[in-house]
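> The primary structure of each chain is shown beneath.
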Amino acid sequence: MKPRLSAAQARREWRLYLFVVPSLVMVATFAYFPAASAIYHSFFEWQGGDAKQFIGLANFQRLLNDAVLWDSFGTVALLILFNLFKMIPAILLAVLIHRLKSERWQYAYRAMLVVPMIVPHLVTLFIWKFFFDPNLGILNRVLDATGGKVLLVWLDQNVFHWQVFFERIPIGWLSQPELILPSLFLWGFPWIGAVGVLIYLAGLQSIGTEVYEAAELDGVGPIGKFFYIELPLILTQVRLNLTLLIISTLQGYGLQLLLLGDAGGPGGRGMTPGLWMYNRAFIAGEFGYACAVGMLLFTVILLLTWINHRLVRVEK
Amino acid sequence: MSAPVSTRPGRAGRLAAVLPHVVIGAILLIEFFPLYMMLQVAFKDNAAFIDNPWLPAPLADWRWENWWFALNLIGPYVANTVFVAVTGTVCSVALAVLGAYFFARYRLPGSGVLWSLFMVLMLLPGIANLVPLFTLLKELSLLNTLWALIAVGVAGGQVFNLFVLRNFIEDLPKDLFEAAEMDGAGHLQQIRHIVVPMSRSILGTLAIMAFLGKWNEFLLPLVILRDRELFTLGVGLIYLDGEYVKQWGQIMAAYCFAALPLIILFLFTMRLFVKGLSQGAIKG
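Just so you know, the protein sequences line up as chains A and B, in that order.
Per the working numbering, the first sequence starts with residue 261, numbered consecutively.
Per the working numbering, the second sequence starts with residue 5, numbered consecutively.
Hints are computed from structural coordinates only; laboratory data are not their basis.
Watch out, some of these pointers could steer you wrong.
Here are the simulated BS3-like pairs of lysine-lysine, each with C-alpha atoms no more than 30 Å apart in a straight line [to be verified]:
1) A:Lys485 with A:Lys346
2) A:Lys389 with A:Lys346
3) A:Lys346 with B:Lys142
4) B:Lys279 with A:Lys312
5) A:Lys485 with B:Lys279
6) B:Lys250 with A:Lys389
7) B:Lys279 with B:Lys178
8) A:Lys409 with B:Lys250
9) A:Lys361 with A:Lys485
10) A:Lys409 with A:Lys389
11) A:Lys409 with A:Lys346
12) A:Lys361 with A:Lys346
13) A:Lys361 with B:Lys279
Some residues of chain B that are not near chain A, with every Cβ distance over 12 Å (derived) [claimed, not checked]:
14) Arg15
15) Pro62
16) Leu63
17) Trp72
18) Phe73
19) Leu75
20) Phe87
21) Asn148
22) Ala155
23) His197
24) Pro201
25) Met202
26) Gly208
27) Trp219
28) Glu233
29) Arg275
Model, not experiment: these values are computed from the prediction.
Quick reminder that beta carbons are idealized off the backbone N, C-alpha and C, glycines included.
Please work from the sequences and hints to get the whole structure.
Structural data, given as structure tokens:
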């Protein structure tokens with residue numbers, strides 16, 4: 261245990277406090293102050309300038325009747341479901357790599373997973389946007405070449421009657437309202453984050469050979485091994501990722517902003533609460549209302565984090 | 005191997021041994037696909053790309069001028085981003101080392117309260133801050149400067165870095181510090197001669213993560229940068245994407261330049277990064 265210093269000793273060692281002052285100043289200025297300012301300004305009508313007018317709870321009353329906002333919560337709930345599903349491939353890949361016989365292959369695959377990280381996120385995002393391009397995009401070309409388009413058109417006309425896919429018109433993945441959410445689901449296929457896989461692998465490494473041998477003797481199959489041995493060991497990491505994922509999806513809007521624009525794309529189908537806040541502040545100039553939207557979002561996230569803290573204990 | 009297969013070595017056994025490699029290989033192929041497209045399209049003009057989107061153009065038709073054009077276009081943005089990312093990363097990690105030392109070495113009166121002051125911020129979603137942050141920066145007349153990006157980045161990185169480093173420094177052997185104190189080393193000297201050398205790998209991993217974070221940032225720069233000569237990659241690429249007639253070859257070449265510093269970074273730190281993450285240096 262590290263020594264606890266008495267008040268007298270602490271006074272002698274007062275210089276130690278200086279060590280934490282820089283961090284504290286930065287955090288107070290760029291995290292605490294803006295947060296306080298957001299609370300304060302959510303009670304004002306404010307265009308971001310010096311002029312502001314106190315309007316009490318009017319911004320919050322407006323929140324209740326804001327149809328766009330409530331729709332956007334629906335959208336983000338769906339996006340969270342998508343993202344939860346998208347967690348699965350990374351877990352399976354980690355298990356697959358972990359079960360390989362040779363250490364050398366394991367290392368090689370780990371290293372190869374990291375290589376695509378040299379492409380900056382933003383570039384990946386724009387390359388994907390390019391894949392979705394109706395005329396030049398890779399996705400439509402693949403569908404044309406493999407007959408997937410014909411299948412989609414046939415399904416549309418004869419089974420589902422979506423009125424979305426037509427024979428002679430290129431599929432507008434990001435320009436047809438009905439396709440916005442499916443596109444966001446496809447986005448990032450096969451949904452593998454290198455950092456996630458490496459962290460899962462780190463968790464899996466603690467499994468000893470004897471555990472597998474015992475399981476083998478008991479006649480546990482490969483699927484059984486996954487549920488009884490591997491999954492429990494990485495559950496902490498999975499839970500932590502789950503929490504971070506839900507929070508980041510809930511407040512995220514960068515992807516939507518860049519793929520679909522600041523109005524959430526055609527029909528506003530890609531509008532999320534975060535994007536709506538951005539839109540109100542920087543497009544409509546309603547900074548006060550944007551602060552109120554931010555407060556609502558903050559409350560929702562705080563609530564989720566609190567629930568999560570009660571349900572899930574995360575070890576250091 | 006950690007999971008011995010009990011089947012006799014036969015055709016089925018061989019298949020079972022090869023199958024994982026096929027699956028992993030296929031996944032890796034898809035993961036590498038954007039990288040491949042970026043590289044090969046960068047050598048084509050639009051006409052060549054429409055004719056033949058999949059395979060690299062024959063060497064004779066390579067459009068080297070795409071690269072020249074892209075360098076002029078995006079070079080300044082890359083330089084700005086390197087400045088922001090390097091300065092931000094160094095300051096962020098350095099401040100966190102000092103702060104973590106304070107929390108890890110002694111329990112001083114008030115340190116518990118200070119610690120929770122930082123940790124509470126983990127719960128605070130950054131998003132609610134963007135709007136007031138913008139006006140704060142305006143008042144500090146930091147709007148439209150690179151320093152704003154650095155300062156906000158340093159502040160944002162503190163919580164996570166402090167959390168990781170504090171745990172790490174607490175696990176360092178106490179005798180080292182005591183011995184150093186006997187020899188009359190001050191706190192700064194202890195940091196320089198004990199903490200920094202012993203936590204090199206964790207500092208490296210944290211620095212890489214901070215650098216990557218800076219490199220990929222685009223929301224804040226988009227909101228606060230106005231002058232073209234100050235643009236970081238984030239804003240620069242967004243403006244490039246907004247052009248009406250796109251020369252994909254030039255754009256892809258620009259993307260390659262955007263990735264270049266990361267390639268250099270990974271060349272030197274790949275082993276450290278893979279090792280650091282695989283050992284669970286950063287849990288979660």
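> Hints first: check each against the structure and report whether it holds.
A quick look at each hint next to the structure:
A distance of roughly 22 Å separates the Cα atoms of Lys485 of chain A and Lys346 of chain A; the hinted pair therefore holds under the 30 Å criterion. For a cut-off of 30 Å, the pair hint linking Lys389 of chain A to Lys346 of chain A stands: about 19 Å separates their Cα positions. The suggested pairing of Lys346 of chain A with Lys142 of chain B is violated, with an alpha-carbon distance near 39 Å, which exceeds 30 Å. Restraint check for Lys279 of chain B and Lys312 of chain A: the C-alpha separation of about 53 Å exceeds 30 Å, so the hint is violated.
For the hint linking Lys485 of chain A to Lys279 of chain B, the alpha-carbon distance of about 26 Å falls within 30 Å, and the restraint holds. About 13 Å separates the Cα atoms of Lys250 of chain B and Lys389 of chain A, which keeps this hinted pair within 30 Å; it holds. Distance restraint check for Lys279 of chain B and Lys178 of chain B: the Cα-Cα separation of roughly 25 Å lies within the 30 Å cut-off, and the hinted pair is therefore satisfied. Distance hint between Lys409 of chain A and Lys250 of chain B is fulfilled; the C-alpha atoms sit about 26 Å from each other, no more than 30 Å.
Taking the CA atoms of Lys361 of chain A and Lys485 of chain A, the gap is near 16 Å; set against the 30 Å cutoff, the hint holds. Distance hint between Lys409 of chain A and Lys389 of chain A is fulfilled; the C-alpha atoms sit about 19 Å from each other, no more than 30 Å. The suggested pairing of Lys409 of chain A with Lys346 of chain A holds, with an alpha-carbon distance near 24 Å, which does not exceed 30 Å. Taking the CA atoms of Lys361 of chain A and Lys346 of chain A, the gap is about 27 Å. The hint holds against a cut of 30 Å.
Of the supplied pair hints, the one linking Lys361 of chain A and Lys279 of chain B holds, its CA atoms being roughly 19 Å apart against a limit of 30 Å. For Arg15 of chain B, the condition that its CB be more than 12 Å from all CB atoms of chain A holds, with the nearest at approximately 18 Å. Once the 12 Å rule is applied to beta carbons, Pro62 of chain B is consistent with being away from chain A; the minimum gap is 21 Å. Its beta-carbon lying about 23 Å from the closest one in chain A, Leu63 of chain B satisfies the requirement of being farther than 12 Å from that chain.
The non-interface label for Trp72 of chain B is consistent with chain A: the shortest C-beta to C-beta separation is roughly 19 Å, beyond 12 Å. Phe73 of chain B, annotated as away from the interface, keeps every beta carbon of chain A farther than 12 Å; the closest lies near 17 Å. The beta carbon of Leu75 of chain B sits about 16 Å from the closest Cβ of chain A, which is more than 12 Å, so the claim that it is off the interface holds. Residue placement check: Phe87 of chain B keeps its beta carbon more than 12 Å from all beta carbons of chain A (closest about 16 Å).
Its beta-carbon lying about 15 Å from the closest one in chain A, Asn148 of chain B satisfies the requirement of being farther than 12 Å from that chain. Once the 12 Å rule is applied to beta carbons, Ala155 of chain B is inconsistent with being away from chain A; the minimum gap is 6 Å. Every C-beta of chain A lies more than 12 Å from that of His197 of chain B, the closest at about 16 Å, which supports listing it as non-interface. The beta carbon of Pro201 of chain B is kept farther than 12 Å from every beta carbon of chain A, the shortest such distance being approximately 18 Å.
Every C-beta of chain A lies more than 12 Å from that of Met202 of chain B, the closest at about 16 Å, which supports listing it as non-interface. Non-interface status of Gly208 of chain B relative to chain A is upheld: no Cβ of that chain comes within 12 Å, the nearest being about 14 Å off. Listed as outside the interface, Trp219 of chain B is inconsistent with that label: its C-beta sits roughly 6 Å from the nearest C-beta of chain A, within the 12 Å cut-off. Interface exclusion of Glu233 of chain B from chain A stands, the closest Cβ pair being 20 Å apart, more than 12 Å.
Against the 12 Å criterion, Arg275 of chain B falls within the reach of chain A, whose nearest CB is about 8 Å from its own CB.
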